[in-house]
Amino acid sequence: MKHWIASTLLLATLISGRASAEGEPEADAWAGYLDFAYVYSSAEPEALAFRLREYGRETHMSLQDYVTRRLEAGAVEGEDADEVVARRLAIAHLLQYLASGEPNELEASVTAVRKLEGRLGRHENRYWYYYILAHRALEKGHRFDFVGDVLSLWLGVGVPLESPYETLETLSLTESPNSGFAAALPYIYENVARLILIRSQQMGLDRDVDPLGAIVRLLADGRVGGYPDVIPLAASSKEYLTRIIERLNGPESDAGSLTFTLALFEATKLHDQARSLLASEGLAPKTIEAMRLASGAYQTALDRADTVQGECAVYRRVLRQLGEVYAAKQRLGVDPELEIPFTIEGAIEVYAKLALAGDDGWADLGYRNTGRESWVEAMRGLWEEIQETILNASAFYLARSQESPATGDEDARHAARLYERYLSFFERFATSERRGGVPDSAYFAAHEAAKGAGDAYLVYATRPTPDEIELATRRYRSALTIFPFDRRLWPALTGALERQGREPEYMELVRPVADWVTRSRSVDSWIAKAEPGAESIAALRRALSDSLVIMYLGFAEDEGIEQLEESVRELRAERAIVSDQLAELEHERGAEPGQRTGVEVAGPAAPADAPPAAPDSLAYADLSRRIQETSAQLEKLDKQIAARSRALPLFRATLETGDLGSELRAQRTHPIHALLRRMYHEKRS
Amino acid sequence: MSRRLKKACGLLAIALCGALFACAGNTEFQDVLMLEPTAAEQSTPLGGAALAQRRQDMQRAHRDMLHFHATLESLQQRKDRNGLVLFSQFLDAYMGLHLDPLLASEWQSRHPELMALDANLRLVKAEVLIQMRSPQRVQQVIEELRERYAGREDMLVEFPIGKQGTLRDGLRRLGERKWRG
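Residue numbers (the working numbering), protein chains in the order written: chain A, 31 to 715; chain B, 13 to 193.
These aren't lab readings, by the way, just hints derived from the structure by calculation.
None of these values were measured; they are calculated from a predicted model.
Since no wrong hints were added, every one of them can be taken at face value.
DSS-like cross-link-like pairs, simulated, lysine-lysine; straight-line CA separation at most 30 Å:
(1) A/145 / A/170
(2) A/170 / A/268
(3) A/299 / A/383
(4) A/559 / A/713
(5) A/299 / B/91
(6) B/91 / B/175
(7) A/299 / A/170
(8) A/713 / A/383
(9) A/383 / B/91
(10) A/170 / B/91
(11) B/91 / B/190
(12) B/175 / A/268
The task is simple: from the sequences and hints, build the whole structure.
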């Protein structure tokens with residue numbers, strides 16, 4: 031609005047032109063300022079008050095004095111004096127009302143403009159007449175009157191002036207003093223746009239303005255911002271109007287309702303303010319108040335929504351706010367009282383309405399004009415907000431469970447319940463035929479929820495019941511099934527089994543998961559096509575094809591790899607000793623060194639003077655038994671060395687794959703989400 | 013209908029009267045233009061700048077009618093009865109004061125530069141009238157289109173809205189849909 035000052039120069043040109051054309055004395059400059067008030071009447075109250083004071087200083091007479099001494103005193107003469115005085119008086123009072131907010135000024139303006147009712151044939155009169163009545167309707171909260179006044183203004187002034195204005199523009203006569211009120215058309219567009227989009231909202235008009243959606247669409251169609259030589263783009267409301275029209279006609283609409291669009295836009299602005307305060311001041315009382323205002327505005331938008339499209343648009347945004355609140359509480363370690371009147375259950379209900387409508391019913395939900403794609407996108411967007419809110423809220427409760435021993439168990443179980451809610455939501459919609467509205471990231475989120483539920487019972491709850499431990503074990507296995515490339519989950523599962531004394535069941539539980547990964551066509555194709563992350567996935571798949579690596583994944587600590595490799599060196603050293611012992615024993619018995627399979631290094635030669643034992647003696651039998659035992663020991667060592675030598679590099683490779691889970695958690699658009707989706711449905715099929 | 017709504021409708025009616033008498037009693041330039049013969053009174057084809065102006069007016073009216081149609085559809089979809097009443101009043105006034113005079117001339121339905129635009133404008137008007145649940149007026153538009161474009165039913169028009177097709181198909185479609193809304 032500050033930019034309206036930029037129009038001062040133009041205004042001065044217009045006024046001087048008109049004054050000289052009408053032969054008015056310079057002293058009556060107020061007449062010019064009032065006649066061209068359409069140029070600046072939409073300025074913000076402070077800017078307008080400043081401007082009126084400046085005009086008063088220039089003319090050595092305040093507007094109020096001008097009204098009293100010239101207009102009300104009947105000092106204006108001429109053929110149309112009554113009409114001119116009535117119009118200028120109405121405008122003067124309107125300007126004073128707009129600058130001060132004083133309702134009496136508006137009433138005085140209405141009284142004055144009513145005197146023009148017999149002279150509405152003149153566009154200028156008609157414009158001010160409806161413009162002032164529209165302001166009065168806003169002041170009184172008469173929404174239907176407001177809509178009627180604006181439509182009348184458009185019909186009676188906007189439409190008839192468009193063709194003449196184009197003619198004037200073609201002839202470059204728009205700035206001619208004799209061009210009449212047609213030259214005001216760009217300002218009329220601007221003023222009507224600001225009246226509908228800004229003023230109405232400032233005055234709290236939050237319902238039943240939908241017929242004005244037509245006028246907003248017309249204004250956006252090359253009218254506002256269409257005359258940059260008259261109103262510079264920076265000074266026009268084009269950018270604001272464009273954003274509104276995008277919302278009005280876009281997927282975040284309520285079947286094209288202007289009321290809803292303005293309400294949601296207002297809520298979004300308040301949300302942005304709250305977000306900015308959250309970033310700068312944390313969860314301070316000011317931030318809490320801003321959040322409360324924003325959620326109240328979202329509630330208003332939800333109340334105005336007539337279609338599921340509108341409800342979905344509100345829930346998508348308000349869930350983001352809810353998620354931000356939980357994330358901030360967890361990050362900042364504070365838990366202030368903040369009531370947000372929206373629930374995840376409400377959002378899930380809206381999702382259900384969207385999903386169950388299916389291909390035959392989506393258009394009736396409000397997406398008729400925006401198309402099927404926007405319906406699908408809306409479902410996916412809402413799902414992602416639901417999943418993020420649940421994950422953020424659960425993480426908050428898990429973190430809080432560690433801070434307060436008194437309520438820790440309760441918080442951990444609350445987190446588990448939230449994770450379970452997501453899993454049942456996932457089960458209901460991701461496994462149905464109508465899963466087009468399920469985003470790719472939902473599958474990894476299901477993994478996170480299943481793992482989180484297991485953690486809630488086994489890591490965070492202090493005294494889980496046997497049933498809870500069993501449930502946690504199942505959740506870990508589910509999590510592993512959805513995303514088997516999470517290395518940290520394998521030891522978590524063994525930990526859960528250990529708490530039940532069921533460690534031996536580990537292999538039985540995980541083997542099918544590992545086998546399925548190695549057989550999966552989706553995984554195979556992903557690796558073959560060298561899709562993103564293929565290298566890591568290939569390393570993990572190779573590892574899962576080896577039982578020993580699976581055991582390592584479940585039982586070995588990541589940081590224990592060095593010890594495991596050291597153990598291979600130790601085994602080799604031990605083998606060398608055993609091998610020497612065996613060679614010595616065989617020599618003692620009379621066999622040639624190196625005769626036995628598997629003996630790599632011959633032992634030292636037996637003393638030449640030692641007599642060989644007789645084959646039927648007890649000593650010979652004992653020697654044979656010792657050779658047999660040592661051979662068996664050597665064979666075992668060979669097997670261990672061979673197995674570990676094969677498995678450890680594979681295990682080490684899994685440690686070097688990087689944390690795929692963290693990447694997927696941070697990037698909901700990561701390509702591997704698509705792989706998880708394919709794997710999930712491949713397994714189910 | 014609430015009192016306020018009635019009042020708003022009354023204001024629209026005042027606007028209608030005001031606009032009807034718009035040409036009386038003023039000397040401004042734009043009103044001098046309005047004192048030129050209206051479209052309905054013109055019996056001879058326009059040319060040059062006047063033709064360009066007419067094309068521009070018709071193009072603008074066509075775009076405006078599409079926006080009105082979108083708004084009307086939105087009000088219908090949300091079953092906003094008050095909004096529909098108010099907006100229908102406005103549309104009646106708009107069509108009576110502005111659109112119908114623009115479509116009145118016979119010659120523009122035959123003029124090679126304007127005939128497609130003229131047909132498109134009539135079709136979108138019919139579509140708006142369907143939304144306004146005014147089948148008799150839709151029928152009038154259909155009959156007028158048949159009369160004016162007799163023998164040219166294969167011409168390409170922008171109908172249904174957002175698509176293209178022949179005038180014949182458009183007329184058939186209008187005939188089928190006129191009872192809806």
